[in-house]
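**Q** Sequence:
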Amino acid sequence: MAQERIKPRNLRGFQDFLPPSAQARQRIVDTFREAFELYGFAPLETPALETEEVLLSDMGVDANKQIYRFSDLENVKVGLRFDFTVSLARTVAANLNRISLPFKRYQVGPVWRYDKPKRGRYREFTQIDLDIIGVAPYEPEVEMVAAVARGLGKLGADNYIFRVNDRRYLGEVLERLGVVPEKGKDIFRVLDKLQKQGEKKVRDELTGKLLLQDFESALEYERMQEVAIPGEAADGLLAAIKDTSGLREHLGGFLARVEQEGVGEGNIVADPSLTRGLDYYTGFVCEVDIRGAESLGSVGGGGRYDDLLGRYSANPLTGVGMSVGLDRLADALAATGVLEADAGQSSAQVFVAVFDDALRAECASIARSLREAGVPAEMWLAGGNRNGRTLSKQFKYADKVGIPLAVVAGEDELAKDPPCVQLKDLRTGYGQEGKQNEIPRDELVAWVKELLA
RNA sequence: GGGGAGGUAGCUCAGCUGGAUAGAGCGCUGGUCUGUGGAACCAGAGGUCGAGGGUUCGACCCCCUCCCUCCCUACCA
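In terms of numbering that gives the first Met the number 0, the first sequence has 367 at position 368, counting the first letter as 1, and numbering is strictly consecutive.
Careful: at least some of the hints might be erroneous.
Restraint-style ranges between C-beta atoms, simulated for each label pair [said to hold, decoys possible]:
1) D185 <-> A135: 24 to 30 Å
2) F69 <-> G263: 42 to 48 Å
3) Y113 <-> E52: 49 to 55 Å
4) K184 <-> P46: 29 to 35 Å
5) G263 <-> P375: 33 to 39 Å
6) G263 <-> A227: 39 to 45 Å
Hints in this document: simulated from the structure, not taken from any laboratory.
Since this is a predicted model, take the numbers as computed values, not measurements.
Every residue gets a Cβ at the ideal spot worked out from N, C-alpha and C, and that includes glycine.
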């Protein structure tokens, strides 16, 4: 009796990446890895699963809801990492005796957040994360921004823009305006909405003038009431936020140093309204966008956290870190035409056709010689003794999976002296010059390298 | 989390005011074609019409519940 068929569906907010897009993603990761290592960053790997205790140690109430949590088969309460910072803190605290400061590391991998999936937002997504532990501002910030910018530049994405700020600068502004520092975090959260919601709405929210119906819950309304500050203070805050000169001064040589590192003036701006939501940032904060793909959301962000180890160790340690969202970056680069959305399905550069099964050994040896020379080569695997009858099918396949060159070694070519092969360029159209050549077998590798160069 | 629009073949969709064996294009497989890809023609495979319940002589179509997807918002990568 027929079993009920299972629908091949994915979990909500989870996605498969078929070879074409997986290849594009890996190219991005490789590029960042290379850029980071040029600055001396080393890889770190930590588990996807952490104990609930560790995961919840540093998060605000809001973040808790987004963490995948469950009990394992031995009833241990665990959860999937929702970013790399918590794991980093735990690892550093546990290995203080083996880590020399500054500790510079990067980590690439999936993280999980249980929120409502949307364009540019997934429940499982990949972060490319970079951190420097143990050195005061702003030299680590400079290096971090420069390393990420280098990766973006190498990808050909010159259309990036960093927005940077320092929460302490805003803290000073608050103090000058007579606002108690305890309100700082909530006020930052409100100010962060400036770009999206506009000045009036932000001012109203700061002074507590929003109507109840604008709120999703009574709890949020209550919270807003706690934030409420006097009108003059709100005006002063907004004025300070619109004027970037104070911040530029606060950041000292940071901007100049970043420029020295090759980040152009057009690729970075001081933006006092940027604060970011995460509570653990205590100083520098930044965000990266791809120009022309802003609607996808920022492709990366980060900042300085001055109490990374607070919950794990008596040693205070400062650090800066940021992460690039691979999924969003790939989307943004594809949307702005920087990177092809789709590579081929095959990673081979040469397709070796099998004229007839009787000649398979010859064909395999040709494929082998290409591989020995470092050229990815794929040989036709299906077969049948058909004397060239399947060539049509083979070329169709090679073309579809995006292999640029094809080799045919049939009876006639191999019988020549010296033995020859046909080398065909699948990228060019019919009847074009140089599309197909009969060449000595010994010269194949040289010809292939020439054509691929 | 709040609001809106939708789910029919692998993909994009059509399907009359509810009527009998659910269609097209693309894609896939094979053939026309025993030495050559992107073309043309022919054939084939592929659907419990998102799931469950209800109304009805009869439901892809109407009603309810659930699931899922997309868009606009709130938060983030």
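**Q** Can you list which hints this structure breaks, lowest number first?
**A** Violated: hint 3 alone.
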